[in-house]
Every structure is written in C-alpha cells, then in structure tokens.
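A.B. asks: Build out the structure end to end from the sequences listed, making use of the hints.
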Amino acid sequence: MLALIIIAAVVVLLIIFVIGIYNALIRLRNQVDNSWSQIDVQLKRRHDLIPNLVETAKGYMKHERGTFEAITKARSQAMGAKTVTEASKAEGALGEALSKFMLIVENYPDLKANQNFLSVQEELTSTENKISFARQSYNDQVLFFNNKTQMFPSNIIAGMFSFTKRDFFELESATEREVPKVSF
Amino acid sequence: MWELIRANKRNSIVLMSLMAAVLLLLGFIIGLVFFGPDGGFIGLIIATGIWIILTLISFSGGDQILLASSKARPVTHDVHPQLFNVVEEMAISAALPMPKVYIIADPAPNAFATGRKPQTASVAVTAGLLGRLNRDELQGVIAHEMSHILHRDILFVTLAGIMLGSIVLLSQVFLRGMFYSSMTGSRRRYSAGGRGGGQAQLIMLIIAIAAAILAPIMAYLLYFALSRRREYLADAGAARLTRYPEGLAGALEKIANDKSPQLATANKVTAPMYIVNPFKKKGKRMKLSDLSSTHPPISERIKILRNMTHGASFKDYSDSYSKITHTKTVVPSAALTKEDIALRKAPAEAKKKQRLEKQLHQVGDIMRRVNGFIFLTCLCGLKLKVPPNFKGNKVKCPRCKRILDLPPSKPKT
Numbered sequence: 001m002l003a004l005i006i007i008a009a010v011v012v013l014l015i016i017f018v019i020g021i022y023n024a025l026i027r028l029r030n031q032v033d034n035s036w037s038q039i040d041v042q043l044k045r046r047h048d049l050i051p052n053l054v055e056t057a058k059g060y061m062k063h064e065r066g067t068f069e070a071i072t073k074a075r076s077q078a079m080g081a082k083t084v085t086e087a088s089k090a091e092g093a094l095g096e097a098l099s100k101f102m103l104i105v106e107n108y109p110d111l112k113a114n115q116n117f118l119s120v121q122e123e124l125t126s127t128e129n130k131i132s133f134a135r136q137s138y139n140d141q142v143l144f145f146n147n148k149t150q151m152f153p154s155n156i157i158a159g160m161f162s163f164t165k166r167d168f169f170e171l172e173s174a175t176e177r178e179v180p181k182v183s184f
Numbered sequence: 185m186w187e188l189i190r191a192n193k194r195n196s197i198v199l200m201s202l203m204a205a206v207l208l209l210l211g212f213i214i215g216l217v218f219f220g221p222d223g224g225f226i227g228l229i230i231a232t233g234i235w236i237i238l239t240l241i242s243f244s245g246g247d248q249i250l251l252a253s254s255k256a257r258p259v260t261h262d263v264h265p266q267l268f269n270v271v272e273e274m275a276i277s278a279a280l281p282m283p284k285v286y287i288i289a290d291p292a293p294n295a296f297a298t299g300r301k302p303q304t305a306s307v308a309v310t311a312g313l314l315g316r317l318n319r320d321e322l323q324g325v326i327a328h329e330m331s332h333i334l335h336r337d338i339l340f341v342t343l344a345g346i347m348l349g350s351i352v353l354l355s356q357v358f359l360r361g362m363f364y365s366s367m368t369g370s371r372r373r374y375s376a377g378g379r380g381g382g383q384a385q386l387i388m389l390i391i392a393i394a395a396a397i398l399a400p401i402m403a404y405l406l407y408f409a410l411s412r413r414r415e416y417l418a419d420a421g422a423a424r425l426t427r428y429p430e431g432l433a434g435a436l437e438k439i440a441n442d443k444s445p446q447l448a449t450a451n452k453v454t455a456p457m458y459i460v461n462p463f464k465k466k467g468k469r470m471k472l473s474d475l476s477s478t479h480p481p482i483s484e485r486i487k488i489l490r491n492m493t494h495g496a497s498f499k500d501y502s503d504s505y506s507k508i509t510h511t512k513t514v515v516p517s518a519a520l521t522k523e524d525i526a527l528r529k530a531p532a533e534a535k536k537k538q539r540l541e542k543q544l545h546q547v548g549d550i551m552r553r554v555n556g557f558i559f560l561t562c563l564c565g566l567k568l569k570v571p572p573n574f575k576g577n578k579v580k581c582p583r584c585k586r587i588l589d590l591p592p593s594k595p596k597t
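In the order they appear, the protein sequences are chains A and B. In terms of our numbering, the numbers along the first sequence are unbroken and rise by one, the last being 184. In terms of our numbering, the numbers along the second sequence are unbroken and rise by one, the last being 597.
Mixed in with the good hints there might be a few duds.
DSSO-like mimics (lysine-lysine), calculated; alpha carbons at most 27 Å apart, straight line [as the list claims (entries may be wrong)]: (1) B:K585 to B:K567; (2) A:K112 to A:K44; (3) B:K301 to B:K255; (4) A:K165 to B:K499; (5) A:K58 to A:K44; (6) A:K89 to A:K165; (7) A:K100 to A:K58; (8) A:K58 to B:K567; (9) B:K438 to A:K112; (10) B:K567 to A:K112; (11) B:K284 to A:K44; (12) A:K89 to A:K44; (13) B:K487 to B:K512; (14) A:K112 to B:K569; (15) B:K512 to B:K499; (16) A:K112 to A:K62; (17) B:K255 to B:K569; (18) B:K569 to B:K585.
Which residues of chain B face chain A? A few of them, derived with a C-beta cut under 7 Å, are [unchecked claim]: (19) P265; (20) Q266; (21) N269; (22) E273; (23) I276; (24) S277; (25) A279.
For the record, the hints were derived by calculation from the structure and aren't laboratory data. Virtual Cβ for every residue (Gly too), placed ideally from N, Cα, C.
C.D. replies: Here it is as structure tokens:
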C-alpha cells in the first residue's frame, strides 16, 4: 500500500515536472517566432517608408539621381525576394543604399530643415533601429530556446516532443554589422 | 536574462522577508505592551491587518494613482514621434509589449516606469528630459526604464514600499499612543500585574519604544538598499539592451549637471521610481556612501558605464562595477554567464552639441504640445502656437495678417 502511494506520488511529480518543462519550451518557442515576425514587420515598414522618403527628398536633390535609383532598385529587389537568403541579401543592399543616402543628406541643409523630411527621416531611423533591435532580440530568444533544448534534463522532453534547435540570424556582410545611423 | 530575473526575485524575497520579520516583531512587541503577556498575537494580527489593507489599496490601481499624482499625461505618436519610436525600439529589444507612454510637463529632466506587470506597464518622461537629450541618450534612459519593467522591479519596489509604509504607520501609532496615554496619566494598564510584573512591564515598555523607533530606520535602510541595487541592475540592463552604455552615461551626465528647479510633483514615496533622485540637495553633492539614499551616486553610475569598454553583457557591467567601487558585484552570480555582446560604435552625430537656448525652447514646445496647444505654420514661415482654450476655428497670423484655419480640435484623451 505504502509502496503504491510512493509510486503514485513519484509519477504525479514526474508528470508535473514534464508539463512545466514542456510549457517553458512552448513559451520560448513562441517568443522566438514572435521576434522573427517583428523583424518581418519592420522590414515591411522600411519598404513602405521609402517611396515617401524619395518623394520628399527628390525636389531638393536634383543631382543625386543615381542614389535614388539604387534605393528604389534595392527596394523592389527586396520586395520581390523569394527565398530567405535572397531576401537577406537584398535587405542588406537596401540598408547600405539608405545609409549612403543619409550621408549625402548632410550636404543639403535646405532638405535637413524641411519638416516633412525630418519626420520621414525620424521614422526611417527608428525603423532601422527596430530592425537591428528585433534581430538582436531574436538572437537572444534563439539562444534561450537552444539552451533549453540542449541542456539536461529539458533536452529529454525537447527530444520527446521534437523541439528542434533554431538558427541565429547571421548578418550577410561586414558593412551590415554597423550601427544604423542615427541623425538629428 | 531569465537567470537575472529569477535571482532578482530570490533576493527580493529575502529582503522582503526581513522586512516582514521586522514588521511582525514590532507588532508582537507592541501587542505585548498594550494587551499584556498574552497580547502578542493580537499585535501580530493588527500588524498583518494593516499590511493587507495597504497592499489591497495599492494593488487596486496604485500605478494610476502614481501617474495622476505626478501629473503625467498619456500621449500619442503625434505629440513626440521620437519618444514614441524610441520606446517602441526598446520594447522590441527587450521583447516586451509596448508600454503606455506618458509625458510630464515639467522642465526638470527625469523619467520613471510603473505597472506591476509588463502587460500593464507605463513609462513617463518629463518634457525637460525630451528637450535636452539627443536620440541615443533618450534611448539609454528608456532602456533603463524598460529594464525596470523587464526585471519586475516595479512590483518589488511597490511591495517593499507597502511593507515600509506599514512599519512606519504601526510605530507612529504606537509612539503617539504612548505619548498621549502618558499625558493623561492612564498608566494603570501597564502595571496591572504584581510588583515584579510591574518591573517586567517597564522593561517590556522600554524594549517596545526602542523597537518602535528602530524598526522604521531598519526598514528604510533595507528599502534603500533594495532600491539602489535595482538602479545598478537597470543600468546594466540598459547597456545590454542598447549595446551602447555611452548613451545612458551621457544622459545621466546631462541630468546631473542640470540647473532647472527640482521636479514639482515628486514626493518621498515616488522618489525611488525615478531614474535619478528627483530631490536636489541645496549646494552640496550627495556623499558616496550615503546609506539613506534611494539612488546610487550619479557620478559613480556614469563612471561604471563609461568603463565598459569590452562589451555590453551583465558580466562586463559587473567587472566595471567592481573596478570602480572596489566592492563585490551587484549582479547576481546566476546572471554572470559568459555572453559575447559587442558594443555599438558611437554615431558621428552624437558629439554635436545643441545650444542651451534652443534646448529650453524645445522644452517649452513639448510642454505646450502635451498641454494641447495646436501648432500651425503660416505661409510666411511664422510658427503659431494656439492655446487649447482658444475659441473659434480661425486665427490671424500676426506677421502677414493672413487668416489661417485651425484644424478641427481632437477630443482630449
């Protein structure tokens, strides 16, 4: 009788333990997915902002047609990208084109005084920051998740319910690694 | 990060239990004095009762009371897009839901976060802060507040504050009760027993008075220790979230050197919530080892942040902390895992300085915007600031005499 009770208690404890770890895994996986979708949202937002930016700046920067073309081209490539590698390459190119543009803007004091442009610029700066912070937070979440799936004892439960390790969001080129420019 | 939150919880529980022990002991001793040898438990029940009532009050809308008492106003993206964007960035970085954003129309630079759960958290900043800081510095401040939310500091500060309040209340009631009963001469109650008992009673009474005086001091010291420690941890968290400790360091420096009068709406209870102590001491600076202060000295916080040259992880902060203060780390050891977190490079624009008049001008504009002024730009280039109580829907430009239409007024939020 006593043995039975002990066995039952151990089984109940084990089940509670497994449920706890399973829920933790689910929570972490959802956080990973959520961070990933954040990156997506911000990339899309960047695409939406670009026509606005080009439209505002065009009147002031007559001689910079090449820059605008580079941005527009990178944008349409990024929007048309089919695979993840293609997309990350195109987004990288777009980021580079934009940071080049932001450097050129320094030479146009009229444009920098334009209220409309300033607000578009603030939105764009913020979106660039959000992309990099979303990427940072995604990698953090992936680290937590991977740790949980690989460490004992949670790796047993992860194996039982086939939680697989996720990949980090690595950067394509060295220039991409730099901080998004913050301007005032 | 989860390790840190968990370790934080553990430490807070230890501190809170200590405070609870102080509270219960005080209740017990007072009970013994007032109700005789068997009255200790009555005292215990009274102490617990006070604590429960205060907890219930503050849990049913404590953060709203706090926001209202600091005259913080909820704002939308239009009022200050940069602030809104920066809060959003930090929420993404910390993987937290977007908190509500408030602006306090006050020229003193300061900020605080409140809300017991990340889901209901709010961040409030003063207009003075917005006007003076550049984007990176604002980001540092918001990251500090976001770390408070992430580490669940607000919950513990609230709980500890309630405990402190209960202890102070109980000891005040007791001391005053003693004072008045000795005035009216009704001392019979305390010497009800025999002669030997009377002496024991007297000793008990002295112990009780000593306890009533010492308990609040103990509780204050514990509370301040808790609060200071959490400020350091929030700084470490801010560095980790932004990967750019210089942003927060620069912001703290600007706040420390600020000359504007102290925040009008802060009080003793809300002081630990702010990023820097809202009370300014006249003339003298805070001493380094000030036990009775809610915040660590700003100069020290800046030095620690500036000394983080290798990376932005908690380990880097803790190394820098030990080097500057020559003491053991503040960061719980569970969070000191090896993390390889690179610092960001400083953006070139960060070094640009703004003229003071322009900053003050901006502060004024932000305060007007928060207070519902409408901003119009006339065709001649003049900027008009129309007060919210302006009647009618047309206004005349004072320079070129054009008649301008006012946008339809939005309902107040």
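A.B. asks: For each hint, tell me whether it holds in the structure or not.
C.D. replies: To see whether the hints hold, each was checked on the structure:
1. B:K585 to B:K567: holds, 13 Å
2. A:K112 to A:K44: holds, 25 Å
3. B:K301 to B:K255: holds, 22 Å
4. A:K165 to B:K499: holds, 26 Å
5. A:K58 to A:K44: holds, 22 Å
6. A:K89 to A:K165: With a Cα-Cα distance of about 24 Å, the restraint between K89 of chain A and K165 of chain A holds, given a limit of 27 Å.
7. A:K100 to A:K58: Holds - the C-alpha atoms of K58 of chain A and K100 of chain A are around 15 Å apart, at most 27 Å.
8. A:K58 to B:K567: holds, 25 Å
9. B:K438 to A:K112: Measuring from Cα to Cα gives roughly 26 Å; hence the hint holds.
10. B:K567 to A:K112: holds, 18 Å
11. B:K284 to A:K44: holds, 24 Å
12. A:K89 to A:K44: holds, 15 Å
13. B:K487 to B:K512: Between K487 of chain B and K512 of chain B the Cα gap is close to 16 Å, so the pair holds against 27 Å.
14. A:K112 to B:K569: holds, 22 Å
15. B:K512 to B:K499: Holds, at about 13 Å.
16. A:K112 to A:K62: Holds. K112 of chain A to K62 of chain A sits at ~15 Å (cutoff 27 Å).
17. B:K255 to B:K569: Holds. K255 of chain B to K569 of chain B sits at ~22 Å (cutoff 27 Å).
18. B:K569 to B:K585: At roughly 15 Å apart (the allowed maximum being 27 Å), K585 of chain B and K569 of chain B satisfy the hint.
19. P265: holds, 6 Å
20. Q266: holds, 6 Å
21. N269: Constraint on N269 of chain B satisfied, holds at 3 Å.
22. E273: holds, 5 Å
23. I276: holds, 5 Å
24. S277: This hint holds: S277 of chain B lies near chain A, its Cβ roughly 4 Å from the closest one there, short of 7 Å.
25. A279: holds, 5 Å
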